[in-house]
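Please build the complex by placing chain U on the supplied structure of chain A, with the hints as guidance.
Chain order of the listed sequences is A and U. What the first sequence shows, in our numbering, is residues 2 to 346, in sequence order. What the second sequence shows, in our numbering, is residues 2 to 346, in sequence order.
If you are wondering where the hints come from, they were derived from the structure by calculation, not from laboratory data. Incorrect hints may have been included.
Because identical chains share one entry, a pair is satisfied inside a single copy or across any pair of copies.
Claimed, not checked - Result set (BS3-like, lysine-lysine): computed pairs, CA atoms no more than 30 Å apart in a straight line:
1) Lys166 with Lys301
2) Lys301 with Lys56
3) Lys229 with Lys301
There are 2 protein chains.
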Amino acid sequence: MVQRTGKKLLDCVRGYVDDVPPMWIMRQAGRYLPEYREVRASTKGFLDLCYTPEKAIEVTLQPLRRFDLDAAILFSDILVIPDALGQNVRFEQGEGPVLEPIENAEDLAKLEVSKVLDHLNPVLETVKGLRSSLDENKTLIGFCGAPWTVATYMLGGRGSPDQAKARLFALAEPELFQQLMDMLVEASAEYLLAQFDAGADVVQIFESWALNLDEVNFQNFVVNPTVKLVEKIRAVRPDAPLIGFPRGAAAMVPGYIKATGVNAVGLDYAMPLEFAREHISPLATVQGNLDPLRLVSGGKQMLDRVDQILEAFEGRPHIFNLGHGIVPQTPIAHVEALVNHVKGR
Amino acid sequence: MVQRTGKKLLDCVRGYVDDVPPMWIMRQAGRYLPEYREVRASTKGFLDLCYTPEKAIEVTLQPLRRFDLDAAILFSDILVIPDALGQNVRFEQGEGPVLEPIENAEDLAKLEVSKVLDHLNPVLETVKGLRSSLDENKTLIGFCGAPWTVATYMLGGRGSPDQAKARLFALAEPELFQQLMDMLVEASAEYLLAQFDAGADVVQIFESWALNLDEVNFQNFVVNPTVKLVEKIRAVRPDAPLIGFPRGAAAMVPGYIKATGVNAVGLDYAMPLEFAREHISPLATVQGNLDPLRLVSGGKQMLDRVDQILEAFEGRPHIFNLGHGIVPQTPIAHVEALVNHVKGR
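Isolated chain A, as found in the complex (with noise of 0.2 Å):
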């Protein structure tokens, strides 16, 4: 077995078990903290903060001022791949990411993946800056969105309850759909290895849109170019420490698992704690998973679902998190009860 880094959480990604588990927040660089907004109002919009490490490296740091959480993850958005990619991506107020969408050949002709590194550069220089500047016992998490779920906004122009914009068009044009889809996968193997590379301790691959599909598809958009994916980057760091989020997947959670072969899977809090210890293996770490709107909501019914999450998974690794981002209209002092509630078992 490998050595403990000292990191805790990094170290639970590669199955050590603590006694109190790490933990961080989804989202926890965010709008719930008035720091945030005060730094956000400070840019010409949201990818201005995400490509100026500066803002970007402190908007990072922020909640691990106010609360003990044992990591950072970087402040960054999965949709820098398309805009990296020459897809014109704007977050318009209200309204979220809006995208001209890859309709044909021509648009898909259009995107460049030499051009990626390049353009991102800036994220880079902010992991960089992250690792110089954080404690050595806190573990600096970066990430990508996974390939399908890039692929429902570059199809889609926007979010959409169904993804159906992207999902008839993976029917439709399965060869278009899989040059997309190759293209996302090497594209998102070069950014993470860049992460590292960079300084980043684990990486944390989220596939927000895994429900709306059934298994075949399952298989075909989110399985089989995470295998890929996770395949060139283990290629160059054969021990990369790699946490999947498949939100949404259920009972095709385990099946993910053993197929991607990461080393930890995010669970939304749909997920029955009961299924997840029966069906996931013991050896795979787990995070989550507690519903943001009782973190919202606070008290004894929070609490007590934290204790049912954390009895759950005593004895196995499991990193401590939400099911989902945080929400803006948290309050802070609910934050601060949980993170206390954990820590302090």
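Structure of chain U alone, referenced to chain A:
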């Protein structure tokens, strides 16, 4: 064992197995049919269509004239219940339903269960009319929304991808929430019993928003109220044939069936066939679960998937259906191909 009725779909709900499964299509009376759009255009609005028996009967029967389907499903909407309770419900063009959200005890006090059946008399007239119009071997399906799903609209004021307003209300105001749920159980039980009295053979309980719930919320919001609803129905009609459809419940579906005792369960398209086969009791009838976008796209990918579904459920009671409602852009020729394929095997 109960005798066969000759209504193939009803018999299947009761556990009989046929070589060729009975089939219907969720939202089969809908916008993909030009004859539906014509009737719809002649009304003052969506609820007007639901409350005009002559027109509701016409659109209910339309898909059976075109396709060899085994059931007609009452044309109505799950939001007739809040409308009947006294909450204002409007359907706005391109926006879906809009309600004045329930926010406190005063709002709740304005609702009246005693008014429901009077208000819904036109819907019950539709059921009666359908009963006398339908061929003897066709099953008539009635339905209602499950309490939680209806509550998400009553509390949220409109549809939302995460039902956040309703989920927060349930956590913050558990007593008021319980009052609302009890009211919905009561109203829905009376409404479904009245549908049986009017001639429905089977009823389906649509839990369209069973996703986004951790297992504690799933138990409290979905399972417990549905158990109460089923009890109230079975207290009057012990052998009432019931289909539950907890959309998105994934790994929680087997527990839902056991707890509620529904005869049949609708499976959304994200339910892996292998999981269903292994974890759902072979005595329960399964219904589903083709992705509606496969029907939009059509051709080989659709027929291959249909074959997988049929093979997975061979030898057990299975109603062929989509895993969610048919969408407006579905080509009618693809529906014909689907029906011919299922029926012609």
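Problem set entry | Within, between, both or neither: lysine 301, lysine 56 at alpha-carbon 30 Å | neither (36 Å within a copy, 51 Å between copies)
Problem set entry | Identical-chain pair category, lysine 229 with lysine 301, by Cα at 30 Å | This pair counts as between: shortest inter-copy Cα distance 26 Å, intra-copy 44 Å.
For this session: Go through the copies and call it for lysine 166 and lysine 301: within, between, both or neither, with a Cα cutoff of 30 Å.
Result: For lysine 166 and lysine 301, the Cα distance is within 30 Å only across copies (20 Å; inside one copy 42 Å).
Hint check: a violation occurs at hint 2 only; the rest are consistent with the structure.
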